[in-house]
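Q: Below are the chains, spelled out letter by letter.
Protein chains: 2
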Amino acid sequence: MSPTIGVFDSGFGGLTVLRALVARAPQARFAFIGDTARLPYGSKSRRTIARYAAQSARFLVEEQGAEYLVIACNTASALALDAIQEAVPSSVPVIGVIEPGAQAAQRASKTGDVLVIATDATVHSHAYAAACSALGLRALEKACPLLVPLVEEGWTDPEIQTGAVTAQVLRIYLDELNAEAASLGMNPDTLVLGCTHYPLLKPLIQKAIPEGVRVIDSAESAADKLVMYLCHDQAAPPPPAGETVLRCFATDSVEKFERLGSRFLGRPTGPVDLVDLGG
Amino acid sequence: MSPTIGVFDSGFGGLTVLRALVARAPQARFAFIGDTARLPYGSKSRRTIARYAAQSARFLVEEQGAEYLVIACNTASALALDAIQEAVPSSVPVIGVIEPGAQAAQRASKTGDVLVIATDATVHSHAYAAACSALGLRALEKACPLLVPLVEEGWTDPEIQTGAVTAQVLRIYLDELNAEAASLGMNPDTLVLGCTHYPLLKPLIQKAIPEGVRVIDSAESAADKLVMYLCHDQAAPPPPAGETVLRCFATDSVEKFERLGSRFLGRPTGPVDLVDLGG
Chain A
1 MSPTIGVFDS
11 GFGGLTVLRA
21 LVARAPQARF
31 AFIGDTARLP
41 YGSKSRRTIA
51 RYAAQSARFL
61 VEEQGAEYLV
71 IACNTASALA
81 LDAIQEAVPS
91 SVPVIGVIEP
101 GAQAAQRASK
111 TGDVLVIATD
121 ATVHSHAYAA
131 ACSALGLRAL
141 EKACPLLVPL
151 VEEGWTDPEI
161 QTGAVTAQVL
171 RIYLDELNAE
181 AASLGMNPDT
191 LVLGCTHYPL
201 LKPLIQKAIP
211 EGVRVIDSAE
221 SAADKLVMYL
231 CHDQAAPPPP
241 AGETVLRCFA
251 TDSVEKFERL
261 GSRFLGRPTG
271 PVDLVDLGG
Chain B
1 MSPTIGVFDS
11 GFGGLTVLRA
21 LVARAPQARF
31 AFIGDTARLP
41 YGSKSRRTIA
51 RYAAQSARFL
61 VEEQGAEYLV
71 IACNTASALA
81 LDAIQEAVPS
91 SVPVIGVIEP
101 GAQAAQRASK
111 TGDVLVIATD
121 ATVHSHAYAA
131 ACSALGLRAL
141 EKACPLLVPL
151 VEEGWTDPEI
161 QTGAVTAQVL
171 RIYLDELNAE
181 AASLGMNPDT
191 LVLGCTHYPL
201 LKPLIQKAIP
211 EGVRVIDSAE
221 SAADKLVMYL
231 CHDQAAPPPP
241 AGETVLRCFA
251 TDSVEKFERL
261 GSRFLGRPTG
271 PVDLVDLGG
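Listed in order, the protein sequences are those of chains A and B.
Position 59, counted from 1, in the first sequence is what this note's numbering calls 59; the numbers after and before it change by one each time, with no gaps.
Position 19, counted from 1, in the second sequence is what this note's numbering calls 19; the numbers after and before it change by one each time, with no gaps.
For reference, chain A alone in the conformation it holds in the complex (with noise of 0.2 Å):
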């Protein structure tokens, strides 16, 4: 029997993780919810937000009998880790996203000192600059609130003139952020991308930064860290042939999910069904 891995997200960007899932588990079956009724997480409080994460984890577990939680949301991630694990049984492992991103920070960067761009609650979390300094990183941390809705909005394409403002937006942004930095006397090498959102922008960050710095995906280093508990769990049995199995759930419209949904994922997601967590 396959293992049941149950993804969470506040909305689509979580599916940048669920794809990194898909191509290192194929083998395995997904069930992904995003809370979309409620999003943005990012620019609510830790109360709220462990709140909702909580609802979204408990159905994943007892309505999709979920074995494994991965917390495909960076928000949710930074203030609702503990709140989710409780509000599980203690035998389904959440795997976070912000854990395995500083690893990955740590085995990328030579100077030590880190970027993270992220949303507002993310960055006043301060999880990041924890996770990354329990390491022995320096990391700065910068709220990016307008890249979500950028993405979202599709203005992502460096050739047109949509793209070209996004490429103005992050520009501000990163502006601000080195020059944060080189008040500190910091050396940055490495930037994290700590929004699930934020892997849709790559081309316009790759161009927007000094070569040599080196882009962190928290989606593909969480993909990682499940890898190597399915492993560890499941030595033995060889992976059964045949299609990944997916389901996807929202709390709103489905119609939107599946539209901007497969962006993110990179293929169809398939029907979505419409979940209600009494929000």
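In case anyone wonders, no lab produced these hints; they're calculated from the structure.
Please note: incorrect hints may appear among the correct ones.
Repeated chains share a single entry, so a pair holds when one copy, or any two copies, can fit it.
As a list, the in silico SDA-like pairs of lysine to any residue whose alpha-carbon atoms are at most 20 Å apart [to be verified]: (1) 142 x 162; (2) 142 x 256; (3) 110 x 255; (4) 225 x 81; (5) 207 x 54; (6) 256 x 45; (7) 256 x 46.
With chain A held as given, fit chain B onto it using these hints.
A: Okay, now just chain B, sitting in the frame of chain A:
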């Protein structure tokens, strides 16, 4: 006894309507709720918006004693005015922003051709087009999803670099809208701001449109309509002297509400109380 006026928005934008209301009815008592735990409504479905808006409306009437309701949110006015009216006793007049906005456009327009900028949900409801059409106007609507986050970031000052980004975004949206209007043979002379965040962009919008095009702020129009109700209901008693009484409630972080809210209200919000609507 001064009447109690309940004012509802998904977030802070409705404070531009409250500001217009306070200016016109300083003797009234106001209770404002921003459903900040679940904002923004502009990207959500009709079903979800109606459920959320009805909860806030009941809170204002049942717990705050509101005798009038002003729906200071274009999205909720467009998609949930019926649901709100059904959620409260029929003796409570419910005033939205769409119809007053369309009426103001009718007074302003000589050509009868009107442009409307608004959120995704408001545009997809075609509520402005219907309200304008009922008054003999032709309206063309355009969703501008990036304007709300740009206002919330405070990128509204035309004199600095961040305001230049907003000006560029506005130009892209308005160019697309004007091109579509031209292709339909329209000759628009009026632009309706169909979102309560947009009045903060007025200086940028005035620069981006041809001279002679009138800008309609639906906040002002809705406030005028409330005053008509108040005058009709209370022709006799003179307004009592003294300060405007205002209480603000939010479903998420009251600190953020107090901080951002004053920009929209044009003066401090005073202490904001947290409410749990169960979502």
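Q: Now tell me, hint by hint, if it's right for this structure.
A: Hints, one by one, checked against the model:
1. 142 x 162: Between copies, since 16 Å is at most 20 Å while 23 Å is not.
2. 142 x 256: between (29 Å within a copy, 18 Å between copies)
3. 110 x 255: For residue 110 and residue 255, the Cα distance exceeds 20 Å both inside one copy (45 Å) and across copies (39 Å).
4. 225 x 81: Intra 16 Å, inter 48 Å, cutoff 20 Å: intra-copy only.
5. 207 x 54: neither (38 Å within a copy, 47 Å between copies)
6. 256 x 45: So residue 256 and residue 45 pass the 20 Å test across copies only (9 Å; inside, 26 Å).
7. 256 x 46: between (27 Å within a copy, 13 Å between copies)
Violation of the numbered hints given earlier is confined to hints 3, 5; the remaining hints are satisfied by the structure.
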